[in-house]
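Listed in order, the protein sequences are those of chains C and P.
Heads up, the first sequence is in our numbering, so the first residue is 1 and it goes up one at a time.
Heads up, the second sequence is in our numbering, so the first residue is 376 and it goes up one at a time.
Stretch-level coverage of chain C by chain P, calculated; a stretch enters the list once three of its residues show a Cβ under 8 Å from a Cβ in chain P: (1) 121-127; (2) 182-188; (3) 236-245.
Quick partial rundown of chain C residues pointing at chain P, CB under 10 Å, derived from the structure: (4) 108; (5) 134; (6) 139.
Derived by calculation from the structure, the hints in this document are not laboratory data.
No residue lacks a Cβ here, since even glycine has one placed at the ideal position from N, Cα and C.
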Amino acid sequence: MTELGRVYGVTPARFAADAVRLAVADAGLRLTDVDGLLTSSGMSGGISIDLQRDLGLTDLRLLSHLQAYGSTAGAMVQFASLAVQSGMASVVACVFADSPLQPERGAGAAYGTRRAPAGWWGLLGASGIIGANPMYALAARRHMERYGTTSEQLGHIAVAQRAWAAANPAAQLREPITLADHQASRWIVEPFHLLDCCLVSNGGIAVIVTSAERAAALAQPPVHVLGWAQCHLGHYLRRDPEFGLVTGAASAGHAALAMAGVSLTEVDVAELYDCYTFTVLVSLEDYGFCAKGEGGQFAASGVLRPGGKLAVNTGGGQLSGYYMWGMTPLSEAVIQARGQGGGRQADAHDIVLVSGNGGVLDHHSTLVLGSPATA
Amino acid sequence: MSVGPVERDEATAEFFDGTAAGQFLLRQCAEGHFSEPAAAACTTCGRTELAFIPAAGGATLVSWAVSYGRPAGDEPPARTVLVIGELDEGPWWWAQLEGWEPGADGAADGGLAVGQRLRVGFRRAAGEYEAVPVFVLA
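Modelling step: build the complete structure from the supplied sequences, incorporating the hints.
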């Protein structure tokens, strides 16, 4: 991963190229070993299959640009794994980069899309539904009304993740916060306070997917891709009786664990997409870490804090660590599975669950990763 | 809070003809299924021949949120109440709610409940812009 956060003056394409170079070097490979490249981009775009040329890669056997929003990083690893399994490619670099932050502009400006003046999108904006904040707030309110979930319960997630972030040198926010701090932070879109919402970051992250045999001979402890699945609900902005209540994690989580041949109780670490505190809460329920509707009590029980029963978002996540879409949970999952988490390393880290979430809980990917011991 | 400016394009022209006449136009297939105004195919059966049919105008509250403007000086931030309404015909619509003010501490003060009855209304931003649907408490 490149330097992350308020890093200015670097284009998304340069972040992406740097991230691939860093990942290749980290693995103990050379750029000429890469024969597959999957690219993805965030709010600022600027990344395409032209990255091949920027990196000087020749004779690639796999090259594509993917966009499934927050589920993309997980999806890239899935497609890369399929390519390696089939023999289509042997070393696939998967990269995401973004640089939406500008000097002297707020983080909100980066993601608060300008009011589109025309058409259906213009109408949505004219109605006051601008960007993801109100959409997720409406999802969260529905959960609160149905199950009695509270803002304080969401706050426990923010507090726990900040405590994890304290031991992550790459995290943008490492100062501890209290539940009172969460409650006192200004409203963004009620029921979300500022501290319910993720950061905005510039930077790039890449991962390298290759065969287990090849990985065993490389520089880092290999992390095994044991299971995967996706779910794309298809109700975006439409009538959906389960909107805000159930996400694609419910079906994809089950399928990915079945593919990996592990049960939920065997999961040591969960790195969950956390664009909002609420996304963590509903994902915990959908995966089955607690019963549907009990995510609030589960979070408030303290189970998510460092030293708690379940290691969740151990790098601080997108709320306190860095916001690289699906690469945030994926990168921390790799660090944990390798046992390289330093002061935040989970004691047990053989099975790591990774979620990706995009749209308004519309697009989902799950990965089940294994430590070198699971080979 | 008032609605923002919006202009028509090819896809929304008929819908905005409707809002100008005080009608919220839904799409309806030959089977009688209703879909949201932007649907390209019936969301129930997939038929692509869809007529524009005015909704009766009644709806129920599905969810709500209160959007806060960026704080500026000592002025309290502007607040906008946003809701999802389920039209009586079935489709959902995301829009502003008029006629209800959150308390000083926000919507948690109470006053709104899922299932509450709403009616569709129309508001227009100052200037030469299209009429935008809003919900009002019935």
